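The numbers in full-length UniProt numbering rise by one with no breaks, and the one at position 17 of the sequence shown is 17.
A couple of the hints might just be wrong.
Between beta-carbon pairs, the in silico distance windows are [said to hold, decoys possible]:
hint : residue 1 : residue 2 : range
1    : Asp55     : Glu84     : 26 to 34 Å
2    : Glu24     : Gln47     : 37 to 45 Å
3    : Asp69     : Val17     : 33 to 41 Å
4    : Glu23     : Phe59     : 14 to 22 Å
5    : Asp69     : Ile34     : 27 to 35 Å
No lab work stands behind these hints, which were simulated from the structure alone. Please read all numbers here as calculations on a predicted model, not as lab measurements. Every residue gets a Cβ at the ideal spot worked out from N, C-alpha and C, and that includes glycine.
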Amino acid sequence: MYSYYSILRPHRSSNRVFFGDGEEIGTSVINALIDSQDKIALAYRWQAGDLLILDNKRFMHGRLRSETDCERQIRSRFGQLLPELRA
Numbered sequence: 001m002y003s004y005y006s007i008l009r010p011h012r013s014s015n016r017v018f019f020g021d022g023e024e025i026g027t028s029v030i031n032a033l034i035d036s037q038d039k040i041a042l043a044y045r046w047q048a049g050d051l052l053i054l055d056n057k058r059f060m061h062g063r064l065r066s067e068t069d070c071e072r073q074i075r076s077r078f079g080q081l082l083p084e085l086r087a
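Input sequences plus hints: build the corresponding full structure.
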């Protein structure tokens with residue numbers, strides 16, 4: 001899987017990625033995730049009209065180069081979960 005981290009690694013800035021409890025995720029953990037991504041990646045063949053909705057904080061994501069030229073539309077919406085909906 002060709003990922004964002006593959007392009008940028010190594011880099012000068014800190015990872016600045018955190019666990020849910022606020023503890024910073026160390027470089028060794030980030031590197032372990034990068035090394036394991038091919039084993040856990042889900043490959044999907046997209047079809048016209050397909051839609052993907054995901055929680056950007058829960059998934060490491062990227063995409064492979066397309067084999068054919070196609071028009072690609074990316075739309076995003078960002079927000080915060082209302083306090084009354086939090087578990």
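Taking the hints in turn, this is what the structure says about them:
For Asp55 paired with Glu84, a C-beta distance near 18 Å fails the hint of 26 to 34 Å. Take Glu24 and Gln47: their Cβ atoms lie about 40 Å apart, and the range 37 to 45 Å holds. Separation of Asp69 from Val17 is about 34 Å and conforms to the stated range, judged on CB atoms against 33 to 41 Å. The beta-carbon spacing between Glu23 and Phe59, approximately 20 Å, falls within the hinted interval of 14 to 22 Å.
Checked against the hint of 27 to 35 Å, the C-beta distance between Asp69 and Ile34 comes to roughly 29 Å, which is consistent with it.
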